[in-house]
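Taken in sequence, the protein lines are chains A and B. Numbering-wise (our numbering), the first sequence opens with residue 16 and increments by one. Numbering-wise (our numbering), the second sequence opens with residue 21 and increments by one.
Among these hints, one or two may not hold up.
Residues from chain B that face chain A, not an exhaustive set, calculated with beta carbons under 10 Å [to be verified]:
1) Met-78
2) Ile-149
3) Ala-155
In short, the hints are calculated from the structure, not lab data. C-beta: ideal position from N, C-alpha, C; glycine also.
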Amino acid sequence: MKSIPLRILAITLLKELGLASLLLLGVSFVVFVILYAAPGDPFSVLLEGQLPSEQALAGIRAAMGAQQSWYGQYFSWLHNVLGGNFGTSLHSGLPVAGELVKVSLNTLYLTLGSMLVTLCIAVPIALYSSMRGHAVAISWPLTMLGYVFSALPVFWLGYIAIYVSVHGFDFFPLSSSGASDGNGWLYTLVPVLVLGLGSGTISEVIRYLREEMSRVMAEDYIRTERAKGASVWRHAFKEGLLLPVSEIIAAKIPFILGGAVIVEQIFNWPGMGRMAWQAAQDRDFPVIMGIALVAAIFVRVGSLIQRIVYTAVNPQGARD
Amino acid sequence: MAQPLLKIENLRTYFYAHSKQAFVRSVDGVSLEVGQRETVGVVGESGSGKSITAMSVMGLISGGPGVIGGSIHYASDKVQKNLLEGLENYVQLEEGNGRVLTVKKDESGWQKASEKLMAGMRGKEIAMIFQNPRASLNPYITVGEQITEAVRLHSGISAVKEARERAIHWLERVKIDSPRLRYNSYPSGMSGGMCQRAMIAMALSSEPSLLIADEPTTGLDATIQSKIVDLLQELKNETGISTLLISHDISVITRLSDRVAVLYGGAVVEYGPASQLLDAQAGFKHPYTAALLASVPNQQKIRARANLQAIEGEVPDTINTPPGCRFYARCNQITPEIRDKCAAIHPELKDVAPGHQVRCWRFIN
Chain A
16 MKSIPLRILA ITLLKELGLA SLLLLGVSFV VFVILYAAPG DPFSVLLEGQ LPSEQALAGI
76 RAAMGAQQSW YGQYFSWLHN VLGGNFGTSL HSGLPVAGEL VKVSLNTLYL TLGSMLVTLC
136 IAVPIALYSS MRGHAVAISW PLTMLGYVFS ALPVFWLGYI AIYVSVHGFD FFPLSSSGAS
196 DGNGWLYTLV PVLVLGLGSG TISEVIRYLR EEMSRVMAED YIRTERAKGA SVWRHAFKEG
256 LLLPVSEIIA AKIPFILGGA VIVEQIFNWP GMGRMAWQAA QDRDFPVIMG IALVAAIFVR
316 VGSLIQRIVY TAVNPQGARD
Chain B
21 MAQPLLKIEN LRTYFYAHSK QAFVRSVDGV SLEVGQRETV GVVGESGSGK SITAMSVMGL
81 ISGGPGVIGG SIHYASDKVQ KNLLEGLENY VQLEEGNGRV LTVKKDESGW QKASEKLMAG
141 MRGKEIAMIF QNPRASLNPY ITVGEQITEA VRLHSGISAV KEARERAIHW LERVKIDSPR
201 LRYNSYPSGM SGGMCQRAMI AMALSSEPSL LIADEPTTGL DATIQSKIVD LLQELKNETG
261 ISTLLISHDI SVITRLSDRV AVLYGGAVVE YGPASQLLDA QAGFKHPYTA ALLASVPNQQ
321 KIRARANLQA IEGEVPDTIN TPPGCRFYAR CNQITPEIRD KCAAIHPELK DVAPGHQVRC
381 WRFIN
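So here's chain B without its partners, still in its complex pose (with noise of 0.2 Å):
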């Protein structure tokens, strides 16, 4: 297999909870890879890390102490490079039992340092799009201008002209009716599924490796996701572009994905093919995917009339976290030979079909 375009390996980025001592563990260790021309969908609940393990790829952490540790390795046709190369020369962990207990960073060199290798990254090789669009856009510029200043900034045309020409030709390519005239609006003038075509359009201009969609349909009426999912899959076929989706809907993740990454307490639980990750009636699944999957409302649950499944229990409290599997408090697969692991051990990804991996002590002998 070639090598993956975006390879995230052991990533942890921490926050100080309310003390330096005590940390929120938003991304604590996860490894997960981006193929080439591939779309790989990380789903979870609020809090579970998926965005800030997106913003820690594009380098945009702020606020202490941050990314810690691990390595993103980038490999495009133009750039291969590992996003967070020497930068642990500017962390001292002290760990004790496994776990993190100090942190110290020296923020400044960290932050010059990783500035050094996002340069000419962020907007060219990986772009970004984010959820409430029309809060993303600059609401005293016009869209087109800032499309022109991404194409200005990232796609070697210089001339104003050329530049505005490419940003039509853009909003052209996302379905934005009469681009010439849109080109002149400003966000607060357009509804939220035109500004998120037009931050798409501002995305794609520089033709990216890259696209991080982050909870790209989240704020929009239930009939302009559908759009916008549309959109994504048609443009992700016509140019090849890989694409990081971060989502909570379980159908923009079915609709969209190659390969899908459950999160759970800022870990990866569970790591496949879409097709046999999201299928209820497959074997082999986390419990936490399974639950998941079935708090999703489908046609027989509807005609049925059957109650909506909830998860029971609240997310993991990621400051206090426990010393075992962290979906241990609300799991209900746990059998009596299992018990005293799944609450003492925390469990290691294993293989469970080629390319599958689960983090469950069920399947781990």
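Okay, chain A solo, but in the shape it has when bound (with noise of 0.2 Å):
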């Protein structure tokens, strides 16, 4: 009956590749530029503690190509990536490439669990206080509940989080993500349900998604299906519904990284933030540069699915 427009979908694929081709690349510069311009120099951490002769300083630098001029280094670098090589860790010696598929597999993880956190707990409150109005006294209060948990801290929630599970009941277990018993991934559910409630999101969702809901609920092609005795939810669905809610996860995907990487570090969390952190003390370019690449690419892809599932739902909005 509904014919997916398959060829308007292919072009507003092909274009936002190609866009996001081209903001990678601007990302990639921007990064490079300003950990180049940045003060402190990796090879002095790389040597922390010794007392280095100038020659060997030298050795090291011309071992590591960074005697090019800065525009050198980075399409030298830009060179590599394209052939599929983000170079080695100046820290760890491992290539960069490798970690990076490992530790963003972790975030991603993190960051879509969530994100059905965030969702299960919003989109409820927000169609049952959409529907029934401020009829409904019950939908006041669970949109206050929503603002409570907005406001707390990640920082502060991760912590009370782990209190609870290990002093207040022994449900999850924190030791270890490598746990043999078979509950070993419950482990992974509280970071999950801390950064899924206390990033923040919550709140604005309910409220962005209420509002459109309710705005869908008066137009006048509603009316029209109620006088057509349809279903008012059927028909408000699309609008109402699901483009809002790849609108939200579009824009929510860059808080929700920054949120994780305060999560990360406080439930030891082998992902991309933990590891940017990392990287970001020990001047580690190369793995900084992987993980903004990675970071980008997730926003890009957030983005493009919003676009994906808006030219589905609406292909003439698309064409125009």
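Hey, can you piece these two chains together into the complex? The hints should help.
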């Protein structure tokens, strides 16, 4: 019955991918310039505590290719990246690419999981209070609850969660993700819940969804559907829920990635945020560059998904 | 005379103004009938309560307190009932001085009971078309699918293919060119006139007994308006559907209506056969109707380069309804003998000719 306009979708996809590659190029360049201009020298960090001779330092610089001009360094990095080589970490000496894949998968799990937690809480509250309006007494306290949770800072909520799960009850085994007993995966739920509840997004999502839904419910075409005896929900779904949710996902990914840095620190979660934190302290250029690139890809994929949903839902609008 | 298809009696629909004690009396005691196979036109300025009357019939009023009294008897071959049956139990009115002072309404109870009464009515027995047709169609779904949905909901056709054919048949009947192609159009890809045709197709596809057309030509180009009116006329002759036609455009009302009700300040001020009521020369006319007719441009006036006549004054404030005739402040036909009555007492509807009623002290002795 429904034909998803594949051709328009494909065009949109190509356009977005082209834009994304330009954007990534820009991001990598800006990050590189900032890193280059920032004070501090990765090599002195590397050789901290030793008293290297000028000769030794020069030797390391030569071996790392740091004697080129700054744009020379950028272009050789770019050249390598296009060939799939992200370089090796200055700190650990491991290839960056492999590490990136590992940590970004961990962070992806954390990000998507917390997004899911946020939506699972916010969507029902928003729908309930928009459908029933202020007539229902319970919608107000529910919304307030959302605000209270959003006001809890992640760094505090994280420690409270650890405290409660360790001392309160033994449900979440916090010791290690590699726990051999079957419920080791439960460990991963705590940081996901903390990030989902505490990253300040719930109240915003509730408010945004509720306003969108109420606006759509007041549209002329919804009146027509009611007069027609059709299901209002079926007709309000696309504009009132699907589009706003995809917009939220696209818009909130950067914030959640920011929150992930803190949560990963607290829970010792082997993800991008913690790695970025470590790399920044070590002035580990190749790792920082790699993570910046992956983070930009995450954000871009979010808006790509939003574009795709929008195009699939409203092919006419996409054509204009 | 056979039982009328729709009989609205003393309908009252209020809205809260700025507090729970002040009301906008949008519809304040409207009574009118739509006979079988009859088109009744409802005219009046903006804010006279035309659309609210229609929405009240459909049970689609949102915002409190909404419908607070009256009865809406509906009697087609298939269904006979009062669409407000038993709903008065959910409302408590406190009246004083002949007007409502406070309303206590159990909104959710009313809503539930009303939904129960309206089940199987909306779209099936009573269909509705609106002004601004493009905004009234779902922009995210093709026009064809929207009609197919109506067919499947109300015509007992559940097979998609068959429903689709029926939808295309209706697109053809409302004279949309190449209906098979248009089936897959989105509303944004069609002109306003075509959207209104699609709306009409959607409304009629379930073969309802009553069509409520709420300003069907408003927002369309003049030439398109005329074509939509032609189409409504033709479909009325073909299907024999009864229509409650709401418009502020006297020419549309003139072309389509058998009977006309003139609404002013939430009440019917004149009700009668279209031929008598809309004839500017005929006697027995409410001053408001006369003024309305005088404000319509016609050939003679245009040739004589006469200035268009506007009705002096503003649409009445229904929050602080004056105690007397609601048209009192703007009326130009008050004579010294009746002035006191006009200012103090709201007149009743009075027969001035068979089937022709006017609410004016000039005709009450």
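Practice item. Give me the numbers of the hints this structure contradicts, sorted from smallest to largest. Key: none
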